[in-house]
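Novice: Protein chains in written order, with my numbering: chain R, 5 to 209; chain F, 3 to 57.
Note that these hints are calculated values from the structure, not bench results.
Among these hints, one or two may not hold up.
[Said to hold, decoys possible] Partner residues are not named here, just some residues of chain F that face chain R (Cβ under 8 Å, in silico):
id	residue
1	Tyr15
2	Val26
3	Ser36
4	Pro44
5	Phe46
[Claimed, not checked] Pulled from the structure, derived: some chain R residues nowhere near chain F, Cβ distances all over 12 Å:
id	residue
6	Arg78
7	Leu81
8	Ala114
9	Pro149
10	Arg157
Every residue gets a Cβ at the ideal spot worked out from N, C-alpha and C, and that includes glycine.
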Amino acid sequence: MAAGEPERRSMDSESLRRAQRIVDLAWRDLPPNHRLLLQNVRADSWEVTDRPLGLRADELLQSAGQTQLTRSQRAALDRALGVWIDSLRVILIDAGHQELRGLNDQAYEAALVRVAWHEWAHALSIARSTSDDVAAGARLLELAPQGVRVGIRSAGYRRNEYTHELVAETYALLMARRRRGQTGQPAWLDAEIYTLVRRVCGWAQ
Amino acid sequence: MGAVKPPTPPKGYVLSEQHGIKEVLEVEAELLRSEGIDPQWPGFPEDEAGRPPRT
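Here chain R stands alone, though its shape is the one from the complex (with noise of 0.2 Å):
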């Protein structure tokens, strides 16, 4: 924990239970062949955890016999709602982070979906995006409705990490508008985007 920052307090067992549901509900909401693809490429696991996601990692990469994070690294992973761990094959999701502290119930649930929403595409991209997608990212954002591309640039990613947050976000906007009763291309965007999308996530509603 950095100097200043407030000590973190621990989720009660039946709100980290509620969490845990809430992340399962997500994974059936999602069509049946993109659970089989997560299958495929053994992204079909994780945990739902009230702790920060760097310690957490560390734990489970020095369980594996893996390299552990340095301190700064761990820090940096603090940060993060969820993470996709390729070494590990699993997704961690952080239901006690500070951003979900204090939004009403159902904030908390569509923000806690969405993250799981991004994660799991996430890892698709990182499976299955071809290194032309990763090279062209950059562009990529440019043609991003507004309000993605200001999220993704303020965050701080690397240019050749922008074409798999931009299909991890894609998708879950995708996933909102599907647990909405809409399907199809939506008017906002991009149509190179969307073509990216159901290449990589199988996405074909």
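Once you've looked at the hints, dock chain F against the given chain R.
Specialist: Structure of chain F alone, referenced to chain R:
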């Protein structure tokens, strides 16, 4: 022999101070509204039993 540098870990899903989760949800809501879709979170139909009573 020098220490082996750990591989670069994933950055994870991070948000900036200027563009936090409330802004992310607001961007989503604006895009949905632009299509005439009610942005209110509909929940999951099978979740009624698991939903805690609202206070």
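Novice: A separate judgement is required for each hint: does it hold in the structure or not?
Specialist: Hint-by-hint comparison with the structure:
Below 8 Å, beta-carbon pairs count as interface contacts, and Tyr15 of chain F has one with chain R at about 4 Å; its hint therefore holds. Checking Val26 of chain F against chain R: minimum C-beta separation of about 6 Å stays under 8 Å; hint holds. Contact between Ser36 of chain F and chain R, as hinted, is supported at the beta carbon level, the nearest pair being about 6 Å apart and thus within 8 Å. A least Cβ separation of about 6 Å between Pro44 of chain F and chain R falls short of the 8 Å threshold, and the interface hint therefore holds.
Checking Phe46 of chain F against chain R by beta carbon gives a least distance of about 4 Å; that is within 8 Å, so the hint holds. Under the 12 Å C-beta cut-off, the non-interface status given to Arg78 of chain R relative to chain F is violated; the minimum distance is some 8 Å. For Leu81 of chain R, the requirement that its beta carbon stay farther than 12 Å from each beta carbon of chain F is not met, with the minimum near 6 Å. Taking the minimum C-beta to C-beta distance to chain F, about 4 Å, the non-interface status of Ala114 of chain R is violated against the 12 Å cut.
The claim that Pro149 of chain R is not at the interface with chain F is violated, since a C-beta of that chain comes within 12 Å of its own (minimum 6 Å). A cut-off of 12 Å between C-beta atoms contradicts the statement that Arg157 of chain R is not in contact with chain F; the least separation is 9 Å.
Hint compliance for this structure: hints 6, 7, 8, 9, 10 are broken, all remaining hints hold.
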